[in-house]
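Participant: If you want the building blocks of each chain, they are given just below.
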Amino acid sequence: MTIMMPAADQAVLARREAIIAALRKLVPGEGVISSAAEMLPYESDGLMAYRQPPMVVVLPDTTEQVSKVLKYCHENGIKVVPRGSGTSLSGGALPLADAVLLGLGKFKRVREIDFDNRAVVVEPGVTNLAISQAVAHAGFYYAPDPSSQIACSIGGNVAENSGGVHSLKYGMTTNNLLGCEIVLMSGEVIRVGGKTAETSGYDLMGIITGSEGLLGVITEITVRILQKPETARALMIGFAEVEHAGQCVADVISAGIIPGGMEMMDKPAIHAAEAFVHAGYPLDVEALLIIELDGPGVEVDELIKRVEKIALGCGSTTCQISTSEQERLLFWSGRKAAFPAVGRISPDYLCMDGTIPRAALPLVLRRMKEMSAKYGLGVANVFHAGDGNLHPLILYDANKPGELQLAEDFGADILRLCVEVGGVLTGEHGVGIEKRDLMPEMFSEVDLNQQQRIKCAFDAQGLLNPGKVFPTLHRCAELGRVHVHGGKLAFPDLPRF
Amino acid sequence: MDILKVRDAQDVEQAVRAAIASEQPLEIIGHGSKRMVGQPIATNAVLDLSALNAVTSYEPNELILTVQAGAPMADVLSLIDSKNQQFSFEPMNTSQLLGTPDIGTIGGMISAGLAGPRRIQAGGARDHLLGVHAVSGFGDSYKAGGRVVKNVTGYDVCKLLAGAWGTLSVMTEVTLKVMPRAESERTLVLRGLDDIAANKAMTAALGSPFDVSGAAHLPGSALRTTQGALGEIASPDQSVTLIRLEGITASASQRAVSLSTTLKSFGVAEILEDAQSAALWAAVRDVTPFAASGPRAMWPVWRIVTPPASGGALGQAIAKGSQGEVIYDWGGGLIWAALPPSADAQATQLRKLVNAAGGHATLIRAPEDVRRAVDVFHPQPKGIAALGERVRNSFDPKTILNRGRMSRGLGT
Chain A
831 MTIMMPAADQ
841 AVLARREAII
851 AALRKLVPGE
861 GVISSAAEML
871 PYESDGLMAY
881 RQPPMVVVLP
891 DTTEQVSKVL
901 KYCHENGIKV
911 VPRGSGTSLS
921 GGALPLADAV
931 LLGLGKFKRV
941 REIDFDNRAV
951 VVEPGVTNLA
961 ISQAVAHAGF
971 YYAPDPSSQI
981 ACSIGGNVAE
991 NSGGVHSLKY
1001 GMTTNNLLGC
1011 EIVLMSGEVI
1021 RVGGKTAETS
1031 GYDLMGIITG
1041 SEGLLGVITE
1051 ITVRILQKPE
1061 TARALMIGFA
1071 EVEHAGQCVA
1081 DVISAGIIPG
1091 GMEMMDKPAI
1101 HAAEAFVHAG
1111 YPLDVEALLI
1121 IELDGPGVEV
1131 DELIKRVEKI
1141 ALGCGSTTCQ
1151 ISTSEQERLL
1161 FWSGRKAAFP
1171 AVGRISPDYL
1181 CMDGTIPRAA
1191 LPLVLRRMKE
1201 MSAKYGLGVA
1211 NVFHAGDGNL
1221 HPLILYDANK
1231 PGELQLAEDF
1241 GADILRLCVE
1251 VGGVLTGEHG
1261 VGIEKRDLMP
1271 EMFSEVDLNQ
1281 QQRIKCAFDA
1291 QGLLNPGKVF
1301 PTLHRCAELG
1311 RVHVHGGKLA
1321 FPDLPRF
Chain B
6 MDILKVRDAQ
16 DVEQAVRAAI
26 ASEQPLEIIG
36 HGSKRMVGQP
46 IATNAVLDLS
56 ALNAVTSYEP
66 NELILTVQAG
76 APMADVLSLI
86 DSKNQQFSFE
96 PMNTSQLLGT
106 PDIGTIGGMI
116 SAGLAGPRRI
126 QAGGARDHLL
136 GVHAVSGFGD
146 SYKAGGRVVK
156 NVTGYDVCKL
166 LAGAWGTLSV
176 MTEVTLKVMP
186 RAESERTLVL
196 RGLDDIAANK
206 AMTAALGSPF
216 DVSGAAHLPG
226 SALRTTQGAL
236 GEIASPDQSV
246 TLIRLEGITA
256 SASQRAVSLS
266 TTLKSFGVAE
276 ILEDAQSAAL
286 WAAVRDVTPF
296 AASGPRAMWP
306 VWRIVTPPAS
316 GGALGQAIAK
326 GSQGEVIYDW
336 GGGLIWAALP
346 PSADAQATQL
356 RKLVNAAGGH
366 ATLIRAPEDV
376 RRAVDVFHPQ
386 PKGIAALGER
396 VRNSFDPKTI
406 LNRGRMSRGL
416 GT
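If you read the sequences in order, they're chains A and B.
Under the numbering used here, the residue at position 203 of the first sequence is numbered 1033, and the numbers go up by one with no gaps.
Under the numbering used here, the residue at position 263 of the second sequence is numbered 268, and the numbers go up by one with no gaps.
Some clues are possibly wrong.
[Stated by the list, open to error] In the DMTMM-like style, the derived pairs of lysine to aspartate or glutamate whose C-alpha atoms are separated by at most 25 Å in a straight line are:
(1) Lys1204(A) with Glu1238(A)
(2) Lys999(A) with Glu64(B)
(3) Lys148(B) with Glu1250(A)
Simulated from the structure, these hints should not be mistaken for laboratory data.
Okay, chain B solo, but in the shape it has when bound:
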């Protein structure tokens, strides 16, 4: 296999142009931490962006960070943390779920667009990507967006690139919005609720004026063998429902008390503070109950996005029908489902339930032969699928970039 390690944007341009000329598709990687997500890509040439790892500029007062796409997430996170700032969409660290040693690069994080618990309040990766420099499948370097938070000049191309899994362009530099880290956080813990009651509690919390920034539910069975922060607070076979409040200390404390009162029909809430609370949400964000080092390592894992208020019913139906386990984030709007292994990761049954609920499901973890056999990304109605394909074609008509990663039909 050819691995092309580019040094700058010109190298990327040159590599893509050469790939067009030789009709050679390229697999685009940073650290390769998410290579096993998506339909398997048929190619023997890899474009490695890990050397594009410089911080171009970081202006904490402007809430703006510009970095090259191959910059390690670990470095970027520690840089902004040093100024008490964060990506408020709480990007997921996929390393535990996927069993990779590394948390990847910023380009990979944006291309995957996997936002964490705070998505319900602060939006996703797409909402924080302000500008890009990229190379299209035409082999052209272009830029889109800008380096300011408020900008409507031209089409919002950044939205398309976030979550496109590298199938539209090779991003070489990205500008992101950063936000101040909250002074304090509090987490209400409710115990023993079933999925439906927990869904109701989370809906009530999110419909309250207390500015909830996280609402997750973990059934007891999913927690049984979980290590780490979630394992520590779990009691045997009892579910936990977590609701997070952030802000200045006086406000977070007071809202925690007020929200406990609002939710008193669901039980008496314990209140966890700061570090203990943060550890829990990191575990929810990274889906540690289904970690690759745990007992469900061999189970395929689905990520299901669905209307939040009916998430409990959907999750329950999935768990029951599949003999699998589910956990809930985003107040029920995000369901992670680990299902007992099967040739198609139970895709047909699962998608039938998800479609009926008005959601969509992506197979985030599964062996290669399974990913070859099923649609990893949710099949779309004909019209949208065709429009999406025309849009992809407008960036990469020769299907040079990550050929077929998002669509089985293209992976030839």
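Here chain A stands alone, though its shape is the one from the complex:
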């Protein structure tokens, strides 16, 4: 393990049996898991290079139980790591040796469907896809669609502010929420928002969304649902140069077209995907774009023509347009299977997640090629081209000593490059533990201190999901101190009127 977690509190570990007994009183039945064998499935999340058995797993099934567990932990100085389906790619749900792992998997009910207000109230353990399925009969769906949507929970989506292929047009999780119920570390239950478009007062829902389980435990969520677009069609366009594909993306957007999805794959990713699913991808191109247009039929047909023309103008070498739903899904099948496809050509891979200004793409891909040579590790790229979100997949073999470290160093270099060209460390996977120590590449200590002060407003003892997101932890008392700078001579050289 190359990323260090906070040292376990031996005093807490010494009380393990008593803690387990106390938790069993709060969550009866099979809701408390403490045997090593049964805790095994909870040792890691989607960042599988890291594993850690928790002190104990607790699986409550009511808000009241969550509240009692947190209150108990708060009063007894016990850390808590919340977990949804455990699909985080950044280690957000990685257990700590001295922490309670609080699983929300039993919160599986859709509580209310309100078509008139275009809102669905769900429990956090409901999967992303299940929401769309629950409303599909009336032509509605829930727009954010992370690749893991079959498995990932909506609670996890809120914690991570998950995106997906369609986020360019329909936004991320944060843009599709109406309300939530959260339990603070103290056990206090808070409800923000509801079925209204805006919450009152400060946008607490906005700060909770994407807070990676550090601010509270989400126990209920109200999402907004949309009518499914009448139709969707896709173009699959090949380019002999990555630059041409990049230009095409820019030109589509400057033409005022916001596609439902706009994905790019580079040559290694195209080859891996094609070998895996036989989607009919051209193998002699350097870059492949899949552009999906959705909406009313007449609009989609017209925009398909416009995009095709733009692509030709950018030097596309191949262009296929889907004429049936089956064909559209075939185009996507390779892209959607890109991660497992890469898994077939390499024993292990690390999936990175930076975002860059779109214009910087050719430069970033060129530099990545140089790094790949330097580290001696292959890299395949899939890219949410519309919103500049890169997913370089670094190929390595964990069984070769030192390769994980090498892959992580390569990944860190890629993320530093993203920041250098004006981008950010993570577009949708979250900071978690994976990018925690890179935060200073993007934020100064002052920036991070302000974020940690917000944490203090929610969890002053720092018991909720510690060791994630922030590279260094400060005491809240220290962060809250106001320094009086200089004397009282106000504004000596400011113009006065």
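Following the hints, put chain B in place on chain A, whose structure we already have.
Facilitator: Only chain B this time, still in chain A's reference frame:
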């Protein structure tokens, strides 16, 4: 009164630090166009950001705009308009409602977070603010967010700053997402529906697959003395219900026809195009029926956000109980209510109805003595109020910035 006109972010930092040292709260203004919104602020020092007015960068192909917080909205809007782009949340121009000469600065617009009709489709100011540079009440310059559309690095601090009315930080530079302007727009006009029927029509439209980007209802009595675009289409004492569709021309036209069919049980819809349609929505956005130059200039105006499908019933109850006027946007989810003047702007009665509906109400326009007497922002349950106060404290423990503007208890 001391007015400190800052030239750059360092000046802001210096001013806030000096204010901390001298325990002197600061009122933060751009052009001051929304100064009369909120609880009155007790201070005699004003921090004026209007000189921080540069466009840092505008990259139409990236759909990204970075400007200093004091940049005039008028300039920013004309800049992005020149590239056929827009803020898709349709920020409200408050000048007509509040009776100010100026439409204000971009920092003020984000701090107020007043989104227009397209909020139902595209979200609000909070959804389009990607990054900020700001100075906290600790006197520290910090940044949050970034300059790309997709970013989950660290807490989403931008969400808190949008709509915080300058009580958390002084924003010095902001990065916003811009979007292409639609090629065409069409507005369906239905006449003579009462509030409940109109609410149903709007609900049906918003639940249709036709991608509605505006749904408003204006009762006949509210239109009676309205000037401008809304006055022109009004017939005497008849309500109008407006439903907007945008997109490429062929699509907007076809959807307008299809939606008319869907809504035929509500009457025969007229279809207005482009410029005529746009003028109507600008008037809805800016709440011109309650303009400060009109006959209801002296009436306090409430902005009520409520679950949309029951908005008609709530609005009707408010209008009846108060002898006031209401207009509806966001398919019923936003109600503007102008009520006959009273010492408390009828806050108690109004909030009782709004609470029962699951909404919240903000007093956007009222004389200073009224704003002193009532909670301008909706009172919150104890737990959320306390959490909100802890969050505010995490940015500004000495309550230097716009002290008490959002909370009566703090304005001492």
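Participant: With reference to the structure, classify each hint as holding or not holding.
Facilitator: Verification of the supplied hints:
no.: 1; hint: Lys1204(A) with Glu1238(A); result: holds (14 Å)
no.: 2; hint: Lys999(A) with Glu64(B); result: holds (18 Å)
no.: 3; hint: Lys148(B) with Glu1250(A); result: holds (16 Å)
Of the numbered hints stated above, none is contradicted by the structure.
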